[in-house]
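Engineer: One-letter residues, chain by chain:
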Amino acid sequence: MIKGIYTAASGMVSLQLKNEVITNNIANVNTTGFKREGVFRKTLIDKVKILKMNSGDFVNLDEVDEVRIDFKQGNLYSTGNPLDTAIDGKGFFSVQTPNGIRYTRNGSFTIDNERYLTTTNGYRLLGQNGPIQINGQNVFIGDDGSIIVDGQIVENLRIMDFPEPYVMNKIGDGLFEADETQAIPARNFKIKQGFLEESNVNAVKEMVDLIELSRDYDSNQRTITIQDSTLDKAVNEVGRITR
Amino acid sequence: MSRVLRTAATGMLAQQLFVDTIANNMANVNTNGFKKSKVEFQDLLYQTLRTAGSSNLQGTFVPTELQVGNGTRPAATQKIFSQGEISYTGNPLDIAIDGAGFFQINKPDGTIAYTRDGTFKISDQGFLVTSDGLELEPQITIPDNAERVEIGIDGNVYAKLYAQEELQNLGQITLVKFINPAGLRSLGQNLYEATFASGPPQIGVPNEQAFGRLLQGYLESSNVDVIEEMVNMIIAQRAYEINSKAVQTADDMMNTANNLRR
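Here the protein sequences come in this chain order: V and R. Note that the working numbering has the first sequence beginning at 44, numbered continuously upward. Note that the working numbering has the second sequence beginning at 333, numbered continuously upward.
Treat the hints as calculated values from the structure; they're not laboratory data. Since we're looking at a predicted model, the values are computed, not measured. Each residue gets a CB set at the ideal place from its N, CA and C atoms; glycine is no exception. Keep in mind that the hints are not guaranteed to be accurate.
Unchecked claim - Covered stretches of chain R, as calculated for chain V (at least 3 residues, CB under 8 Å):
#1 340-350
#2 360-373
#3 398-406
#4 559-572
#5 576-590
Stated by the list, open to error - Each computed SDA-like pair below joins lysine to any residue, with the alpha-carbon atoms no more than 25 Å apart:
#6 K133(V) <-> S121(V)
#7 K509(R) <-> Q180(V)
#8 K248(V) <-> V579(R)
Turn these sequences into a full structure, and let the hints guide you.
Structural biologist: This is how it looks when you write it as structure tokens:
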């Protein structure tokens, strides 16, 4: 009986986390190169295993198993800016940060005062041979990631991929952190100059998830109140001696 | 729980800034030489609830972290320096730049500002000035007995003086360009200022390299595309709405939790 209350309460706790994740997706519906996250809860079999393992009446409250990043391709849209680049296909831009190499799908680049290509945060974009300096006027970025300045190929973009499933963490500012030793040169991608990748958040899907979640939360709450009233009856009415 | 409210609030604030930028672009749809802006968003820091490599109840190690994000923030407002449409006005002192260059304008404080707006006038002292009366650099003086002013695509300014056969050269208009024009700071009055990010100005003559040629009697219109801005406005408004729905859902859930105990 009491176990049921805990189970419903654990449902409410994990739904709160799910709500936080969905809200973060929604907040980033217009963030360039953003990848949405999905919450995965433990399957029933897993739960039974946990219950069996912890013999006795302990119920695991931490139901959320994983917040997984959905790396599905976002739509590409044209901006007309020569330094906006998008990856059509798999792979990530490599970016030099003070803490080491980080990866991003946000190809909105600019040039710093020393003529290096950087992200809007000022982190330098990496080519095969380190940061990319642009000495010239006309920058053309080819399909294969080659950077052509005034007709000369000066560098190739360092587009890396990782074995699937991706084991990457988000660190904010559109950057991903990954195990550097796992990085392999990406294949089957096309670089599109003058394009950016939209957030892959689908507003309709997030809205439906939000409604579903809200109703789930309600029913868990109802379960608790019903069990509470049943307990109330058991405690206060079953034992009552009527005259 | 209150994290949800804060996250959704960052989303609403970001969309507000998006609409602000669109509104400014739309307001300047007929401003000569105006360049549209675009807002760039980034996700905020993530909070790690469970680190990778910790063991779970089944005794295996979790490969990824359990992370929750905190919303979004505007990262940059970027000017897009695509060429605006060049339209014919017939006014001899209207000059359009067909290329990447900027005119240099002397500000009253002695510093130089840059503009793409080529609607020049003649001041009471005969100097070429902007509509606000700021002098063009290098200074060009139009003599008061000039009948006609000719400006070549290379920036050379000639005047046909009264009772003279030959054209007189009054000087050459020079242009500047920047390695990263998106890094220029807008000052209003169609003027820009060089910054650390834009790089120093490189001075050159028109019709050489990528400075662009000068077209007399033409003006460059705003590069704002009304349809694109309208579409962006719809996107921003819907994104604002859905963020407000997230606030509402969080509020409903808190209400539900509060009703646990009757």
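Engineer: Now look at each hint and say whether the structure bears it out.
Structural biologist: To see whether the hints hold, each was checked on the structure:
{"no.": "1", "hint": "340-350", "verdict": "holds (count 6)"}
{"no.": "2", "hint": "360-373", "verdict": "holds (count 3)"}
{"no.": "3", "hint": "398-406", "verdict": "holds (count 7)"}
{"no.": "4", "hint": "559-572", "verdict": "holds (count 4)"}
{"no.": "5", "hint": "576-590", "verdict": "holds (count 8)"}
{"no.": "6", "hint": "K133(V) <-> S121(V)", "verdict": "holds (19 Å)"}
{"no.": "7", "hint": "K509(R) <-> Q180(V)", "verdict": "holds (10 Å)"}
{"no.": "8", "hint": "K248(V) <-> V579(R)", "verdict": "holds (17 Å)"}
The structure meets every hint from the earlier list without exception.
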